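Numbered by the UniProt record's numbering, the letters in the sequence shown go through residues 1 to 83 in order.
Please keep in mind that the hints were generated in silico from the structure rather than gathered at the bench.
Do not take every clue at face value.
DEER-style ranges, computed between Cβ atoms [unchecked claim]:
(1) Ala-81 with Gly-26: 18 to 24 Å
(2) Asn-66 with Met-25: 32 to 38 Å
(3) Glu-69 with Pro-19: 16 to 22 Å
(4) Met-25 with Gln-56: 29 to 35 Å
(5) Ala-81 with Gln-49: 26 to 32 Å
(6) Val-34 with Glu-79: 28 to 34 Å
(7) Pro-28 with Ala-52: 24 to 30 Å
(8) Ala-81 with Leu-43: 25 to 31 Å
The structure presented is a predicted model; accordingly, all values stated were derived computationally and were not measured.
Don't be surprised by glycine CBs; every beta carbon is placed ideally from N, CA and C.
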Amino acid sequence: MECRAGCGACCIAPSISSPIPGMPMGKPAGVRCVQLSADNLCLLFGTAQRPAVCGQFAADQLVCGNSREEAIQLLGWLEQATA
């Protein structure tokens, strides 16, 4: 599956424990990453500053669903189920 440009659900719904520029303690679940643009695009994409966990995430129908809203719900559920 190709990532939906402008979705950004994976930069909002899950927690990220790795330091992120501007978020040195990581990011709590449900909080928008400070590196997510107004257009929901990663400002660190393609740079060495992007956390490895972000680069390793692969869009998949099971976690991304059919829309941004569904992706936020699915990723949020997975976050809660694995917390």
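Do the hints match the structure? See the list:
The beta-carbon spacing between Ala-81 and Gly-26, approximately 19 Å, falls within the hinted interval of 18 to 24 Å. Our hint of 32 to 38 Å for Asn-66 and Met-25 holds, since their Cβ atoms are close to 33 Å apart. Between Glu-69 and Pro-19 the CB atoms are about 29 Å apart, so this pair departs from the stated range of 16 to 22 Å. Taken as a hint, the range 29 to 35 Å is violated for the pair Met-25 and Gln-56, whose Cβ atoms sit roughly 20 Å apart.
Distance hint check: the CB atoms of Ala-81 and Gln-49 are about 30 Å apart, consistent with the given range 26 to 32 Å. Judged by the Cβ atoms, the range 28 to 34 Å given for Val-34 and Glu-79 is violated: they are separated by roughly 19 Å. Range check, Pro-28 to Ala-52: about 19 Å between beta-carbon atoms, so the 24 to 30 Å window is missed. A beta carbon spacing of about 29 Å between Ala-81 and Leu-43 agrees with the range 25 to 31 Å that was offered as a hint.
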